[in-house]
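*Asks:* Here the protein sequences line up with chains A and B, keeping their order. Just so you know, the UniProt record's numbering puts 228 at position 228 of the first sequence, and the rest follows in order with no gaps. Just so you know, the UniProt record's numbering puts 131 at position 131 of the second sequence, and the rest follows in order with no gaps.
Be aware that a few hints might be false.
As the list claims (entries may be wrong) - A few chain B residues that face chain A, going by a derived Cβ cut-off under 7 Å, partial list only:
{"no.": "1", "residue": "Leu-72"}
{"no.": "2", "residue": "Ser-104"}
{"no.": "3", "residue": "Gly-106"}
{"no.": "4", "residue": "Gly-107"}
{"no.": "5", "residue": "Ala-111"}
Unchecked claim - To give a feel for the contact side, a few chain A residues facing chain B, derived at Cβ under 8 Å:
{"no.": "6", "residue": "Arg-35"}
{"no.": "7", "residue": "Arg-152"}
{"no.": "8", "residue": "Arg-214"}
{"no.": "9", "residue": "Ser-215"}
{"no.": "10", "residue": "Arg-217"}
Everything labelled a hint here was simulated from the structure, so no lab data went into it. Where a beta carbon is used, it is the ideal one built from N, C-alpha and C, also for glycine.
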Amino acid sequence: MIELFALDFMRYALAAAVLVGLTAPAVGTFIVQRRLALLGDGIGHVALTGVALGFLTGTAPVLTAVVVAALGAVAIELVRARGRTSGDVALALLFYGGLAGGVMLIYLTPGGSTASLNTYLFGAITSVTGADLWVIALLAVLVLGVLAVFGRELFVLCQDEEVARAAGLPTRFLGLLIAVVAAVTVVVAMRAVGLLLVSALMVVPVATGQQLARSFRATMALAMLFGVLATVGGLTSSFYLDVPSGAAIVLLALAGFAVALTVGRFVRRSRPRESTI
Amino acid sequence: MTAPVAHDAPPDGARKAAAVPTAFRMTAGRISLDGREILRGIDLAIEEGEVVAVLGANGSGKSTLIRALLGLIPLSGGSTELYGSAPARFRQWWRIGYVPQRLSVGGGVPATVREVVASGRIARQSRFRPTSAADRHAVSRALAEVGLGDRAGDPVQTLSGGQQQRVLIARALAGEPDAFVMDEPTAGVDAASQRHLAGTLSGLVRAGRTVLLVAHELGPLEPLITRAVVLKEGCVVHDGLPPHAVGAHALPGHDHVHPHAPEAPQAATGGGMSGWSDAAIGSRRTENLDL
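Given only the sequences and the hints, what does the whole structure look like? Please build it.
*Replies:* Below, the structure is given as structure tokens:
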């Protein structure tokens, strides 16, 4: 384990892994409750256009990715709230547009090839630099801060939007807020697991927590714990076994889900049957 | 408990002059959803302290009416007011406790009974202040009131339909509102829970709360109701004393079979649900199912 910390890039990678492992499942708990489990995927695809735009304009791809992903998230939320097109069709349109846009823009970039998108598509957490880490930390703090302040309202919104409106909550603002927060999270997690797998970190640990927890709060806490275990475990195994980190993280998270599913079944069965009047 | 006589005829002008403030008002209300007219020509004023039941067959627009009164559905004509303000300008949302038709469990993330009931405090809470002792006290009292104190730590998903209905009522109670707006609080609820609800409601009525509820049939709630508004095909056909149980045939939708309303359900089921948010679709769907 010592040699993990001996290397600068591994220290950065571990710190990034912890931040990503905490943030993605925390946002994911609200997203899953809002029945938007695939939102992260949609935003991830759109963010690819942002990354390519960064290459094309010579700007930091993380920056352009945040901006484009946030705009995409706002678009998704507006379409969803209007309800004219069904939500999943709107998401699908953005999937394709985002992916195609990214590939097209990178092709237009002098000297650019789709190969340069690979680290963003599939993640390369060991390539995180000190400067990257600062950006990731800043964004992670921002995301967790928003959830801490607006958590109560977001809980009501994600539970039942109409009830939230009848309580006088600013539902349009909150809907946009959670969408933008999800977009920022996608960009934070993009370096760790890649844009194509980003949603897994927002959904799988939540699904795992759901098997074991009885409350919303506990589900979120467990999801964050499983998230960190998956990112740190995946990174460690990628270091020792020389396998791609993004895939290792997601497969580990899925393995955790399978275990929790079994344990959860067992726990529920052994629990005294609840009386239902 | 006998019903006060004051509400028999609707002398609207006389009421306006009275000192009792109006909780809900709709003037010349018209609502169309996807080009289909659901409600038309609705003039309704509900004063503070009234206990009003909105009755009617499936598809007569009952749920639409109360959701429009809260500003949850836009009107295509006319206006609504909550305590004298248009819904968009209304700021005292803590005065209203909305009880939707059923508990929405969202995407399946578990939530305990206590968590859901505690969310009823949201209109009274400030964003940057943590949950206070008063919040916790109100939540515990609401849980005790509906008899779910011992289930506080259980996930709402494990509760029966009647118990979930009690959770929804407890959530509204926890906010300590002045007015309760309940969408079919008795639908799909077992007899024991219905009696429990009647007990809770009579406490609210004694405390002078305003209650506006949609019901398919009143059951044990009947003695509490001071005024009934009966809808038929989107219009108010009766506004006054509640029709008595013996005269249930006077009510559209008295029968679970609905022999006389072949066209009415279509009004609600009709094509364009696509125009609605998930929550709205969910509640409209149950509206159509509440046979």
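*Asks:* For each hint, tell me whether it holds in the structure or not.
*Replies:* Verification of the supplied hints:
Annotation: B:Leu-72 was flagged as interfacial toward chain A, and the flag holds, the nearest CB pair being 6 Å apart, inside 7 Å. For the restraint placing B:Ser-104 at the interface with chain A, the shortest Cβ-Cβ distance is roughly 4 Å, inside the 7 Å limit, so the hint holds. Residue-level restraint check for B:Gly-106 holds (minimum Cβ-Cβ distance to chain A is 4 Å; threshold 7 Å). At its closest, the beta carbon of B:Gly-107 sits 4 Å from a beta carbon of chain A; the interface hint therefore holds under the 7 Å criterion.
Checking B:Ala-111 against chain A: minimum C-beta separation of about 4 Å stays under 7 Å; hint holds. Because the closest C-beta pair between A:Arg-35 and chain B is about 4 Å apart, less than 8 Å, the hint holds. For A:Arg-152, the suggested interface contact is upheld, since its CB lies about 6 Å from the closest CB of chain B, less than 8 Å. Against a cut-off of 8 Å between C-beta atoms, the interface hint on A:Arg-214 holds, since the closest Cβ of chain B lies about 5 Å away.
At a threshold of 8 Å, the smallest CB-CB gap from A:Ser-215 to chain B is about 4 Å, leaving the interface hint in force. The beta carbon of A:Arg-217 is positioned within 8 Å of a beta carbon in chain B (closest approach about 7 Å), and the interface hint is therefore held.
Violated hints are absent here; each numbered hint is respected by the structure.
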